[in-house]
Amino acid sequence: MPKLHVTTSVNGEPVEFLCEPYETMLDALRGQLGLTGSKEGCSSGDCGACSITLDGRLVCSCLMLAAEAEGHEIRTIEGMAKGEKLHPLQQKFLEHAALQCGICTSGMLVASEALLAKNSNPTEEEVRFWLAGNLCRCTGYDKIVRAVMETAAEMRETAR
Amino acid sequence: MNVVNNKWIGQRTIRPDGVDKVTGRAAFAADTTMPGMIWGKVLRSPHPHARIKSINTAKAEALPGVKAVVTSRDIVDFTIEKGAVMLGIQDMRWMCRNVMARDKALFPGHPVAAVAATTEAIAAEACKLIEVDYEVLPWAIEIDDALKPDAPILHEFNKFDGKPSNIMGRIESKKGDIAQGFKDAEIVIERSFTTRPVHQGYIEPHACLISVAADGKTTIWSSSQGQFMVRAMTSMLTGIPQSDIRAIPAEIGGGFGGKTIVYLEPLATLLAKKSGRPVKMVMTREEVMRATGPTSGSKSTVKIGAKKDGTIVAAHGSFYLQAGAFPGSPIRGAVGCSFAPYDIPHVLSEGFDVCSNRSKVAAYRAPGAPIGAYAVECVLDELAEALKMDPLALRLKNAAKEGTKAAHGPVFPRIGYIETLEAAKNHPHYAAPLGKLQGRGVASGFWFNAGGESSAQVNITEDGNVVVTTGHPDIGGSRAGIANICAELLGIDYKRVSVIIGDTQTVGFSNLTGGSRVLFASSMVVTQAADKVIATLRERAAKLWEIDPEAVKWENGAAHPVSPNAGQFEPLTLADLAEKAPSQGGPIGASVQLNTQGAEGGFGTHICDVEVDVDLGIVRVIRYTAVQDVGRAVHPSYVEGQLQGGVAQGIGWALNEEYIYNKDGKVDNPGFLDYRMPVCSDLPMLDCALVEVPNPKHPQGVKGVGEVPLVPVMAAVANAVHNALGKRFYSLPMSPPKVSAVLDAPPTQQAAE
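Protein sequence lines correspond, in order, to chains V and U.
Mapping the first sequence onto this note's numbering, position 60 (from 1) lands on 60, and the numbers just tick up by one.
Convert by adding 1000 to the 1-based position in the second sequence; the result is the number in this note's numbering.
Because the hints were derived from the structure by calculation, they are not lab data.
Possibly wrong hints are sitting among the right ones.
[Unchecked claim] Cut-off 30 Å, straight-line C-alpha distance, at most; resulting in silico cross-link-like pairs (BS3-like, lysine-lysine):
hint, chain 1, residue 1, chain 2, residue 2
1, U, 1128, U, 1059
2, U, 1553, U, 1543
3, U, 1425, U, 1405
4, U, 1425, U, 1397
5, U, 1397, U, 1174
6, V, 3, U, 1580
7, U, 1183, U, 1388
8, V, 3, U, 1128
9, U, 1697, U, 1495
10, U, 1495, V, 82
11, V, 85, U, 1007
12, U, 1397, U, 1307
13, V, 85, U, 1495
14, U, 1543, U, 1580
15, U, 1308, U, 1727
Just need the whole structure built from these sequences, with the hints factored in.
Here is the structure:
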């Protein structure tokens, strides 16, 4: 079977690539597109390290076929900072030491951003359940939850 | 102590590698490529125990796209007869057989061949074409099965008590005379416990990318807990000299001990050598779960005797730990650490290393110690209950302190165990009210900590900033700690210090990131190197001022005369002296290599509250406080992070994590869905109370902190469950089916549990 030609948008930029029909979006991002910020921890949708958004919806890119990106908008960790300016979540993760090894961090940040886009004032419980699809083995989640809640508070303050 | 005013030590600075990690730039093991790169895959044994009669790779080699195939014939054989060849704590006889089965496959997932091909799909297809003729043998997974008189023997050469056995070794720590000790006791409690193997659970699977040039020059890009370990093991298993192997430490996505040995690197090196192409290998999660080291499952019996006033007079522990396919379970940790928090006159602590048809265990955060502490700290809880004593008061009455001789040998110097108990007792958590079906438990723990070899370079850049190079992969933020210390010593802004991890050919030998040794050891060498740099800077200023170097002090990032008597001179900053360096004796920098000594053990005491859903059998941790003597919190956030991470792992071990085997002797839950590690919604905030009793043998007072926090957790959770339900659990995990079974059991069965 010939390779599929996919036209899509990644982090706001038009992108074309070729892929095998069985290849996942994570394969295409990490392989053809050279965007290795999304990580493969399990390839079964259980760890969330490959989290991206598809038209604003949080998905595990390891569970999505690359061909499904056709005509849609993909955002990844690489599109989160605006040039040298970090997203408030990225800044808060640094200040709170909400990462240790860093392998889950891309997915945590993408998932957290998707949460705050839906819910600007999440409770601790809401943050914990939203992030339940993102495994972190280093931090015990404490500093991650604090960083997300504090970012939300600051973003609400800025938006006023 | 070198440090006086502490502008940076103790600050929660932004870690040097932070921006790379929050933007997705940081390069982990699987994130790189090389021109001409091909892919390697491993063929693994489907059987728990089988003799390999023959391997035919002809069909695989003939498949278009296949560039190389390797089997055990390509790997250097360390024969059993010639005896142990040790690299650190690893015997290369077992390591060469673990990376590739030789005469026998010893667990499902044991590599038997590896293929490199132009695509991953072709490599996987080629693996299926390799014909292996197995003679399937009877197998044993559990300790009891491996110890039966007619058990299948994994290593036929091995004898224990004169008979072929799967017990590969026994060690003991002994103090006093336990027979006498138990005679003196007025109350004796003896209980047996089991724990299941649990995986370190790092989110980054093992991966590497390796190139071998025609002249043998080899470049290894991989993530590990020690690039020098990778170089040495790869060299020993492939025959390529260490001087030809440049092992570059990628960012590592978690290790917890599990990346202190090699799996893929020797195979990828041989495939790269045979094919002439760079070879990339990445494990799947299933491969990680089937073929890399969890920690041991265990079976322990602990007997403790005390006086009625709570004075412990005798203790006996016997710990049987699963080693997996090859000897080397962490019995030393179980035997040495379990009773270490207590001053007990008569102790016998013994450990048995038991092989069975599971993947070879690897280190996991304070290896062995949590297994032993689980048993000991649960028995202490029963003892406190029987004596009607507060469990912290019982521990305080028997706590080890300066001068106590531990059963495993050392006489403790000034230690902070009592301080952790006092801090726990006085913590608001300990007095907080509990609701219905809620309970509180406490437990303590000890880990040896470690020093050992470490190297560092401190170089002053031409523009007057600082580059520090060390040799230990940074898993949990050690670069931030080193930057804090270096900024402090040189009296400059933290942001002017850049800390990097060197590869094997650019920095001196540095032992593993393990044993909670990294900040202890690397800050010791960095301190000495910074001291040398400061001495050079003072000499340079003295020469320019034409005064004695002794009359120059280094303060706030500049050379000053020690007093007006020494002369009146404008301070010379680091930038000034760097600029003048070419005309004043050349580059400024120092390198130090040491076998560091003086790592003192660490102690922690934990308080855990649980709530039990008696309908579903679910135990939830609702509040947790970890108290630990951390020596000196150089970067408090990352110290807390170590405590919180260890606690989360312990809660997983206590409540859910376990390898489940099916009737074919294979792991039935080799993925994150069914191997249930704690997720965000499973845990509460994890509070930390840092007690700082500085290590007198370290320039900044640093003690290792990373491993202690896993040690007390399972006992703290188990004791809390007992407090909530009035029932004790003697086996882990306390998962919903087990909890329900105990809750539903009639009282008589409960007593027998």
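How the hints compare with the structure:
no.	hint	result
1	1128(U) / 1059(U)	holds (9 Å)
2	1553(U) / 1543(U)	holds (13 Å)
3	1425(U) / 1405(U)	holds (25 Å)
4	1425(U) / 1397(U)	holds (13 Å)
5	1397(U) / 1174(U)	holds (22 Å)
6	3(V) / 1580(U)	violated (61 Å)
7	1183(U) / 1388(U)	holds (22 Å)
8	3(V) / 1128(U)	holds (24 Å)
9	1697(U) / 1495(U)	holds (28 Å)
10	1495(U) / 82(V)	holds (22 Å)
11	85(V) / 1007(U)	holds (28 Å)
12	1397(U) / 1307(U)	holds (12 Å)
13	85(V) / 1495(U)	holds (18 Å)
14	1543(U) / 1580(U)	holds (12 Å)
15	1308(U) / 1727(U)	holds (24 Å)
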